[in-house]
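Start from the sequences and build out the full structure, keeping to the hints where you can.
Those protein sequence lines, which keep their order, are chains A and B.
Counting in the numbering used here, the first sequence runs from 39 upward without gaps.
Counting in the numbering used here, the second sequence runs from 138 upward without gaps.
In short, the hints are calculated from the structure, not lab data.
Glycine included, C-beta positions come from ideal geometry on N, C-alpha and C.
Among these hints, one or two may not hold up.
What the hints assert, rightly or not - Distance windows between CB atoms, simulated: (1) B:Arg159 with A:Asp77: 15 to 25 Å; (2) B:Arg234 with A:Ala55: 35 to 45 Å; (3) B:Gly140 with A:Gly92: 28 to 38 Å; (4) B:Pro145 with A:Ser90: 36 to 46 Å.
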Amino acid sequence: RKEVEQDPGPFNVPEGATVAFNCTYSNSASQSFFWYRQDCRKEPKLLMSVYSSGNEDGRFTAQLNRASQYISLLIRDSKLSDSATYLCAVNMGDSSYKLIFGSGTRLLVRP
Amino acid sequence: NAGVMQNPRHLVRRRGQEARLRCSPMKGHSHVYWYRQLPEEGLKFMVYLQKENIIDESGMPKERFSAEFPKEGPSILRIQQVVRGDSAAYFCASSPRATGSPEAFFGQGTRLTVV
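Right, here's the structure in full:
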């Protein structure tokens, strides 16, 4: 089983739709969780950190479910510019500097 | 305030040649991390360095790969005798202290193609 797993997609949605991605992690000792956005052939850029209480930034909401060991990302009112690959990353408690990435979920927002 | 700078952006090498990838961290950052991304996959940790020290190289292949971060100059990821399987995007990140948190900023990456 992979340490961090994501549905590769693609998720193909119309503009304005709400879309949600999940990401499961295997190590219950994981301490920190992040969502990154990666555009084609570019570097990943931090989108959001994921806190236990959940957090929201505009149209984006991230949640953590420790009991089931997954994090989620909800995008409301999708824009064409949201088309990208979304990577989740987990920071293992015993190696605070090392990020474990999922393979990413590809989102396509169509007009 | 320049971000993490990597060069070259694209590198083509023939099988058996050497590849040198450079990473200049953000100003004031003394911690550097290298990650590799194979096509259609996530990033995989390779090595973590501080100035003149390799802290964790658990993600580095045992042979042909080496990394350094000298007192002066950029961090270098060196791949000797490249093979087709080394073709990937190599990303470097830096941070002001040891962290896998948002304080680590990624460079634009070097895309290595082995022909």
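How the hints compare with the structure:
1. B:Arg159 with A:Asp77: 15 to 25 Å: 23 Å, holds
2. B:Arg234 with A:Ala55: 35 to 45 Å: Given about 40 Å between the Cβ atoms, the range holds.
3. B:Gly140 with A:Gly92: 28 to 38 Å: 29 Å, holds
4. B:Pro145 with A:Ser90: 36 to 46 Å: 42 Å, holds
Hint compliance for this structure: no hint is broken.
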